[in-house]
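Engineer: Spelled out, the chains give:
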Amino acid sequence: MAASDEFEPVIGLEVHVQLATRSKAFCGAQAEYGGPPNAHIDPYTLGLPGALPVLNHRTVEYAIRMGLACHCDIALKSELSRKHYFYPDLPKGYQISQFDQPICQNGFVEFMLGSERRRVGLARIHIEEDAGKNLHIPGGRTSLIDYNRAGVPLIEVVSLPEISSAEEAGEYLRALRQLVRFLGISDGNMDEGSLRCDANVSIRPRGSRTLGQRTELKNINSFKYVQKAIEHEILRQIDIVQSGGRVIMETRGWDAARGTSRSQRKKEEAHDYRYLPDPDLPPLLIDPLWLRSIAETLPKTPMQRRDQYLERLGLSPYDASVLTAERELCEFFDRVLIAAGLPPEPTELTDAQRTRAKQSANWLSSELLGLLNKDNRTITESPVSAESLGELVRYISDAVISGKQGKEVFAKMYESRETPTDIIERLGLRQISDPEIITAACRKVVDDPAMQKQVEKYKQNPKLLGFFVGKALAETQGKARPELLSEIMLRLLSEK
Amino acid sequence: MSGHTPPPRISADEIRVTAEMARLLLSESDIPKLSDELSAILAYASSLAEVDVTDVPPMTHAVPDHCRLRGDVIEPHISRDAALRNAPQRESAYFAVPAVFAGSDEGFDSEG
Amino acid sequence: MASAKSLVDSFSSVAQLASAVRSRQVSAVEVTRSQLDRIAQHDATLGCFLAVDEQGALSAAQVIDDQVRAGGGDDLLLAGVPIGIKDMICTEGLVTTAGSKILSGFVPPYDATVVAKLRAAGAVILGKLNLDEFAMGSSNENSAYKPCKNPWDLTRVPGGSSGGSAAAVAASLCPVSLGTDTGGSIRQPAALCGVTGMKPTYGRVSRYGVIAFASSLDQVGPLGRSAVDVAHTLQVMGGYDPRDATSLNQPQPDYLAATQAPLHPPGRRLRIGLPTEYFAKGLDPRVESCVRQAIATLEREGAELVDVSLPLTRHAVAIYYLVATAEASSNLSRYDGVRYGQRVTPREGELPAGQSALVEMYKRTRAAGFGPEVRRRIMLGTYVLRSGHYDAYYRRASQVRTLVARDFAQAFARCDVLMTPTSPVLPFRLGERKNDPLSMYLADVYTIGCNLAGLPGLSMPCGFVEDEGSAPLPVGVQLLGPTLRDDIVLQVAAAYQRLTDWHTRKPSLLAKDPV
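From first to last, the protein sequence lines are chains A, E and Z. For the first sequence, this note's numbering assigns the number 1 to the initial residue and increments by one for each residue that follows. For the second sequence, this note's numbering assigns the number 1 to the initial residue and increments by one for each residue that follows. For the third sequence, this note's numbering assigns the number 1 to the initial residue and increments by one for each residue that follows.
Take these hints with a grain of salt, some might be off.
Straight-line Cα separation of at most 27 Å, DSSO-like style, residue types lysine-lysine; simulated pairs [said to hold, decoys possible]: (1) A:LYS407 x A:LYS374; (2) Z:LYS101 x Z:LYS434; (3) A:LYS404 x A:LYS471; (4) A:LYS453 x A:LYS496; (5) A:LYS471 x A:LYS459; (6) Z:LYS506 x E:LYS33; (7) Z:LYS434 x E:LYS33; (8) E:LYS33 x Z:LYS101; (9) Z:LYS101 x Z:LYS506.
In case anyone wonders, no lab produced these hints; they're calculated from the structure.
The following block holds chain A by itself, in its conformation from the complex (with noise of 0.2 Å):
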């Protein structure tokens, strides 16, 4: 957070998600990200006179499910507009967006901020199409151009200007990688700009109820930039008001090799984009049955995950993170439930159950990531599956091995892929918990004449169980459940 006591930032992202569809947003190219330069090309892509876009009913449910995790009003009649500007990346001079009527309005998105809940809210989301590639040859006279991007979906989420740091900013922008993530709508990956971000930041006096200029930032296109950019452009602000100069309205592109930022369009130079509805795309309507449906099949969103595994299954707020970084992990973890004679949602939990979800957590987080983790695997290679992760849980559980031999056949399973059940068999482990037989085995011991007088000795000192537990957990080749058999030993020499 930007030191100063006498200053606080306001901070809005407004976030560019690239949507994973297959084909483009208005046309049937091929939406996947690379391939060689100007390969994923129609008509339509290049711009070619006569071209028209027909809108991908992909794109519009991908916005939508964004809308509804974000707790958006979905508009069931929209607008695509066309944003005029000219550049060599955008082919037909505008790009279709929308306007004044957008799809999503209003809503918030939800995020943990070290142990605090926060809750930004929302402006808009809107659908518009991705621009071409330039790439710029260094001292060059010329640019060159790539088209494959051009038309890939994108939905734009404007925050609003409620984020009041720089942690924040990161900690909100984290969140909705993992949320988009978490709805399958898109990779979230910044590397390959998947996730873009520009902030528009203020300074105001702390307490202050009115905004300060604001300057937007751009091309801040990495996590690890994101927080930089906005607490050097917070710090930036404070220098030039701390000397009594004003901020003024622009836009600057965040520098990431000098860690700096500098003045790319002053405010006069401002584009005006010169909106106009697409007369080649009437309104959108939403079929509030569609809706409905979307609404529906929604994927569960990673906070109302984490409230699920706090509530019901009562883990730790440690484990509810980590378990909540991505969905494969909650679908994984889900599945060790239920291998693990867990109920499924929504039955309550008994506090028997709760433990045993526990077990399951732990198993998951600290033994089985961990070694994923050592081997830079992800859960989805895990050679664990979440069934024998269950089994393995249940095993314990019930007592049928202990917790010592349930991390040698874990070590087993990791190593080898067979399953609990296979490796407990093969190597003998399952432990006897028939009362009658460890009966059996502790009266050999108690009635053996050889035996007696120990247990006269016993009878004067009460320490001496631990010499007759071994001595009958021997007869079952250590396979007896030790509490279970310390208990029968108690009782047959108190009968003595």
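We have chain A already, so just place chains E and Z on it with the hints.
Structural biologist: Chains E and Z alone, transformed into the frame defined by chain A:
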């Protein structure tokens, strides 16, 4: 344009700003002529101010209809050769233009 | 040089021609060759074609003949029918310029949907037809390449913007052609050249691959010798296209059946609406007289005449020039010299200090590539869309447009079709009106309403008038129908053409006029 007073004449400066926006190079001698012609057309169009349009929705499409959507399927592309064939300037598989930022060693993509 | 009667003219309709090709009475190659000869003979004078695709046409014709000879081709509605395409419409592998220098040499890598449909039906594309640059104009004088002449009087304009499409049909260079109509660009040249031309209901015909002028007004349509030929061609080129989001997902009526139907709807008399505002000041009395005679012809057949009013007609031109230029300024942004078309790069030392070479390239490319009328409209359109102007101009015009459409809907509650003049004036002389854009715009007053409301409209010849000792010049009458009632427009037009022979007249000048 309320009250049906003809709009003021479009000044030379307005013409220059508009031409800059439209990326049209004008010669100084074009400006007064364009200013006359555009002013005349807008003066003529100012009659629209007489019409009461209270609560009238704008008609931005000729036939009331909704935006039909397409399936998310990949359709035939045009080959890279065909894409580049009409290019005024190309370098290998790229379209080429004069440097986006003259005098800068860095390029930015447009706002997306 | 004698102008032999075109081989095509010996068939009374394109349906008959296609049927003759299918039954091998005549070969497609023969027909194509005869049209190419005719073009070679006359087009240097007329200037109808911007490109003639001799090779492409002959090989397409050969394919049809081969198919027929192999026993196929029964379903080819336009087997071997030669057709000219307005150069606003993309043709794969054939240069497409929109009549503009900025697209000079542009070869589209794809066919417009209408072109693909015509080809699939066996039509033979002869070449690309002259037009006003980007379809902006009413005289064809805004073509960046060459003027097109009216075959009835070579000193006069053929109208526009589809001037080449209308003149080519009038001169029998092709029996049917495609045009585009944004504010009358099919109907007005059809009137001025004495042919039949139709602008279908907006959305009936795909715009995919059709170079956009003003997207919410543009519509493609056929021009031909008769309503029957127009209907036949429309049947092939029309219909829903998933590649055009404004295309109507509606079944196509049987247009040909409509042209064979009687004048009156079943069980009652046809009601013809006469909008008073369309017979007002500014209408040439000689034009009016021909149009009134056409109305009388149908009245004699039992049609009922109804006076209707379209009070917002006086605002139509204003709405049109705000909406069309706003959309055009947007649509023409893509011509920037980056991906295709012409580019003008500033030379070393020409670059003003501090100016980016890229921005300068854009400005020079667009200034050099677009002609004066296009530049003027881009300027106007850009101006009206600027923030602060949008509400007063574009938005207000679009609101009044709503009222115009309501006017028409009210009128059609009282009649089946409207009958009006197409153009208030006779074909004027080349150069006569070039320097007065506003008066040129005002001449579109009768055709614009149809585009604003998205209605079907048709123009057909209804008489001839001599003007100051000229040869007889054609006069056109316009039929407008309610939305989606393209069939009734064709029905009335065909009925009228059964009663009259204006549409069968051919200009005689060509025979006398050595090339």
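Engineer: Does each hint hold? Answer for all of them.
Structural biologist: Results for each hint:
Between LYS407 of chain A and LYS374 of chain A the alpha-carbon distance is near 17 Å, which keeps this suggested pair within the 27 Å criterion. Annotation: proposed proximity of LYS101 of chain Z to LYS434 of chain Z holds, straight-line Cα distance about 19 Å (limit 27 Å). Distance hint between LYS404 of chain A and LYS471 of chain A is fulfilled; the C-alpha atoms sit about 20 Å from each other, no more than 27 Å. Between LYS453 of chain A and LYS496 of chain A, the direct Cα distance comes to roughly 12 Å. Compliance with the 27 Å bound is thereby established for this hinted pair.
Note on LYS471 of chain A and LYS459 of chain A: the hinted pairing holds, with a Cα-Cα distance of about 17 Å set against a maximum of 27 Å. Restraint check: the Cα-Cα separation between LYS506 of chain Z and LYS33 of chain E comes to about 42 Å, which exceeds 27 Å; the hinted pair is violated. Restraint check for LYS434 of chain Z and LYS33 of chain E: satisfied, since their Cα atoms lie roughly 15 Å apart, inside the 27 Å limit. Note on LYS33 of chain E and LYS101 of chain Z: the hinted pairing holds, with a Cα-Cα distance of about 22 Å set against a maximum of 27 Å.
At roughly 33 Å between alpha-carbon atoms, LYS101 of chain Z and LYS506 of chain Z are farther apart than 27 Å, so this suggested pair is violated.
Violated hints, listed in ascending order, are 6, 9; each of the other numbered hints is respected by the structure.
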